[in-house]
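Chain by chain, the residues:
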Amino acid sequence: MPVNTMKKLSVVTLTKETGDLMRALQKLRCADICRTAVPPSSEDEREPAVIYDEELAGLPAVDTAAETTALNAHIAEVGRAADFLARFETKKKGLFTPVEEVSFDDFVANDEAAAEETVREALALAARYDAAEAAARDTAAELAALRPLEAYPLAIPEDKTAATVTVVGTLPSGTDVRAVTDSLDGLAAVLEKIAPVDGGTAVACTAYHGDADETLRVLTACGFVKSALRAGAEDGFAAGRVAALEAALKEKEDELDRLRAEASDLSQKLPLVRTLADKLDTDAARLGATERVKRTEKTVLLTAWIPAAAQQEISDMLAARGDAYEITDPAPGEEAPIQLSNNRFASNFEPVLAMYSLPRYGTYDPTFVMSIFYMLIFGLMFADAGYGALLSLGCFLIIKFMKPRGSMKSFMMMFGLCGLSCTFMGILFGSYFGNLPSTLATTFRGSETWIKPLLFDPMNGQGPMYFLIISLVVGAIHLSAGLVIKMIILWKSGDRFGAIVDVGSWLVIFLGIGVYILLAMVIGVSGLAGIIIAGIGALTIVATAGRAEKNPVMKFLKGLLGLYGIVGYASDLLSYSRILSLCLASAVIANVVNLLGTLPGPGFGSVVGLLIASLLGHTLNMALNLLGTFVHTSRLQYIEFFGKFYEDGGRAFEPLTPHSKHVVFK
Amino acid sequence: MTFSELLNSLFTGTNLAILGAALATILSGMGSAKGVGIVGEAASAMLIEDPSKFGKSMVLQALPGSQGIYGFVTALMIVIKIGLFSGNVAELTVAEGMYLLAASLPIAIVGYFSAIKQGRVAAAGISLITKRPGELGKAITSAALVETYAIFALLVSLLPVIFF
Chain A
1 MPVNTMKKLS
11 VVTLTKETGD
21 LMRALQKLRC
31 ADICRTAVPP
41 SSEDEREPAV
51 IYDEELAGLP
61 AVDTAAETTA
71 LNAHIAEVGR
81 AADFLARFET
91 KKKGLFTPVE
101 EVSFDDFVAN
111 DEAAAEETVR
121 EALALAARYD
131 AAEAAARDTA
141 AELAALRPLE
151 AYPLAIPEDK
161 TAATVTVVGT
171 LPSGTDVRAV
181 TDSLDGLAAV
191 LEKIAPVDGG
201 TAVACTAYHG
211 DADETLRVLT
221 ACGFVKSALR
231 AGAEDGFAAG
241 RVAALEAALK
251 EKEDELDRLR
261 AEASDLSQKL
271 PLVRTLADKL
281 DTDAARLGAT
291 ERVKRTEKTV
301 LLTAWIPAAA
311 QQEISDMLAA
321 RGDAYEITDP
331 APGEEAPIQL
341 SNNRFASNFE
351 PVLAMYSLPR
361 YGTYDPTFVM
371 SIFYMLIFGL
381 MFADAGYGAL
391 LSLGCFLIIK
401 FMKPRGSMKS
411 FMMMFGLCGL
421 SCTFMGILFG
431 SYFGNLPSTL
441 ATTFRGSETW
451 IKPLLFDPMN
461 GQGPMYFLII
471 SLVVGAIHLS
481 AGLVIKMIIL
491 WKSGDRFGAI
501 VDVGSWLVIF
511 LGIGVYILLA
521 MVIGVSGLAG
531 IIIAGIGALT
541 IVATAGRAEK
551 NPVMKFLKGL
561 LGLYGIVGYA
571 SDLLSYSRIL
581 SLCLASAVIA
591 NVVNLLGTLP
601 GPGFGSVVGL
611 LIASLLGHTL
621 NMALNLLGTF
631 VHTSRLQYIE
641 FFGKFYEDGG
651 RAFEPLTPHS
661 KHVVFK
Chain B
1 MTFSELLNSL
11 FTGTNLAILG
21 AALATILSGM
31 GSAKGVGIVG
41 EAASAMLIED
51 PSKFGKSMVL
61 QALPGSQGIY
71 GFVTALMIVI
81 KIGLFSGNVA
91 ELTVAEGMYL
101 LAASLPIAIV
111 GYFSAIKQGR
121 VAAAGISLIT
131 KRPGELGKAI
141 TSAALVETYA
151 IFALLVSLLP
161 VIFF
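Protein chains in written order, with this note's numbering: chain A, 1 to 666; chain B, 1 to 164.
So that you can see chain A by itself, here it is in the shape it has in the complex:
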């Protein structure tokens, strides 16, 4: 499957029209506004998707700095408002609530002003709430500090009579109050313990005015800190102050409750605020793209990549606007961005390709062929009908109820399909949560299970050997498919001789080996035919691999060296033995889980045991092996399959689109 053909769009419009043009393009979602640059001196320095144009590259870009700064500040504000309201949201969005669809134009026309108003209200409310919360916190702290002193009958921190002064404060914990009293010996002062408080002991010290300063000096040396609390006679001393603080705290908490209720009411409009956040991010994306637009004194010049399929739509829009535009093919040496186009089945596997690297523009997109092998190998590696059915069910339910989008949806579809493949393989090889059916039958009925594998059990008798052979045969077909693709690519590029001798001869060798194995090992007759076929392939390689050399001796040696490539193919092929390994790993753990569950023997104990073992063991086994299977199935595609023909290094086509995080803009 080739990747989609791209065209280069250039538009010239008046400076004041820039915003409208960008909005129109964003709405069509099919223009990737690209950087223009001076053509580099060498081919190697060319970057995918960059448009090379000496004249354009020299022009200054549209300056959006001021607008971007203001917009970002506004986005931060809206984010704060949304975060605040989310704290009081009563109706939380469920895990399975699908994302809502909103018409962008409708929102801008009807709801944006209301959303902005909500943001203002929310921010004002947030400020009031924060202030009230801080005040309540302060009051509560003061109350907590004063409460231990509630029974203290004098003014805090200092109470004076005509002859004495009484100071309240704290001695750090661990201070021996009696020792402090002793050190006051000789001074006309009395130290009294009031109550233990946070971080020490509250004490009151009464001294004659004459000795007050000296007393305070001695106390301070012992770690005494004068109380920061205030409770005078006018407050009704500590008790009165505590009562007043309690009343104040109650009032502040009531105030907080009112604010909470208000915020909760306002949070009804949270979806509106979130839509606004998406709308502003949409604006930000557009401004970001505008930075790549060039300007002259009165006009702006925009260059973008568009899919050839969208050519008509864009022409119509630009013609209606009256802009000057031109749509051309990519210039030589320019690499357009990549938009994959596959059928409904294979497109679900595109993220696997993207995880590796997109193909270069104009090269072959192997998604379709890969997706078939992906399902097949995934199914073999994780061949279990129970796990497979659960996987499919889970993925399809997520798609049905959560309505994921983009690559997330593709991944879910892909795993769902792979789950079907696992189920099918599980039935072939008789694995249902490992050996659960036979474990159940032997434990509870003392008999053999009637559920038998359709082919054979990879865990018993010669099973592992047969499964290894299946793994390697699948590998051989997979590798050959890679070579066939390489051959077609070479053939189409005009190197027909290379296609036949460099790639085709290897296929002939493999065919020969295959025929030999079939005849000599499976059927049991002479495998001479296979040896002859493989020999023809090998001779072709020896004869042609050194064709670039002039010296006939070197030609021959290089030819022989070409045969050494068989080592690479052999190691590629053996790499597929991991299919057996991973299949066995998941099956053994599943069997052990079943075994542990049924240890209590026939009866109720095993029912409970199996339930617990299934919930813990099978879940864990499934999670671990899914990761392993995904990683290693991908690896077989990336290294063994792609290694034969794939040309990577493409940049994804990223058209300017509305930003959709909380809602989907239609």
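Keep in mind that the hints were calculated from the coordinates and are not lab data.
Heads up, the beta-carbon is just placed ideally off N, CA and C, and yes, glycines get one too.
One or more of the hints may lead you astray.
Residues of chain A placed beyond 10 Å of chain B at every Cβ, according to the derived structure [to be verified]:
1) SER10
2) GLU45
3) VAL62
4) SER392
5) ALA520
6) VAL522
7) THR657
Here are the computed lysine-lysine pairs in the BS3-like style, where the Cα-Cα straight-line distance is at most 25 Å [unchecked claim]:
8) A:LYS661 with A:LYS403
9) B:LYS53 with A:LYS661
10) A:LYS409 with B:LYS56
11) B:LYS81 with A:LYS452
Given chain A's structure and the hints, the job is docking chain B onto it.
Okay, now just chain B, sitting in the frame of chain A:
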């Protein structure tokens, strides 16, 4: 009891088989613990900056954990084969015990080293996705390349045990 009687009673076939199961679990588990630990440290450093990448880092962190599972699987196969779960442990000859002990060695040794090396590759992958979150696939693939050898070792350990 003479010294040779002591040796005879220690090195029974069954004990050797259990030793094999123990080695497979111990060594590959040690390697995996170390590998997962290396990635975890690197991941935490990244999560300071961007906690939302936890999902991605967890996939990378889980990768070097598989050797420990492979060792565990081998050990389980051995103890199942000698009948530990069915209640009547088989009396193996010394040669049979050595067979199972030898079978456990590939995953024990290769598992230990490959898990640590894989951990280092995955930790480097963490710094890759710190700067380029879109390149998780490449980070995973690099780490998975190391695991190949653990998988081969598992196969070479498991097959003799299954055919025992």
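If we take the beta carbon of GLU45 (chain A), is the closest beta carbon in chain B still more than 10 Å away? 20 Å, holds
Would you check whether the claim that ALA520 (chain A) is not at the interface survives, using Cβ distances to chain B and the 10 Å cut-off? 24 Å, holds
Minimum Cβ-Cβ distance from SER10 (chain A) to chain B exceeds 10 Å: At about 29 Å from chain B, SER10 (chain A) clears the 10 Å cut-off, so the statement holds.
Examine each Cβ of chain B, and state whether all of them lie more than 10 Å from the Cβ of SER392 (chain A). The assertion about SER392 (chain A) holds, with a minimum of 21 Å to chain B.
Hint consistency between LYS409 (chain A) and LYS56 (chain B) [alpha-carbon to alpha-carbon, up to 25 Å]: 18 Å, holds
Taking the minimum C-beta separation from VAL62 (chain A) to chain B, is that value above 10 Å? VAL62 (chain A) clear of chain B: closest Cβ-Cβ about 27 Å, beyond 10 Å.
Can we trust that THR657 (chain A) is non-interface, i.e. its beta-carbon lies farther than 10 Å from all of chain B? Since the minimum Cβ distance to chain B is about 17 Å, THR657 (chain A) lies beyond 10 Å and the statement holds.
Checking one constraint from the list: CA of LYS661 (chain A) to CA of LYS403 (chain A), max 25 Å. Satisfied? 13 Å, holds
Can we confirm that no CB of chain B comes within 10 Å of the CB of VAL522 (chain A)? 21 Å, holds
Quickly compare the C-alpha distance for LYS53 (chain B) and LYS661 (chain A) to 25 Å and report which way the hint goes. 17 Å, holds
Within 25 Å, alpha carbon to alpha carbon, are LYS81 (chain B) and LYS452 (chain A)? Satisfied, since the Cα-Cα distance of roughly 22 Å is no more than 25 Å.
Checked against the numbered hints listed earlier, the structure breaks none of them; every hint is satisfied.
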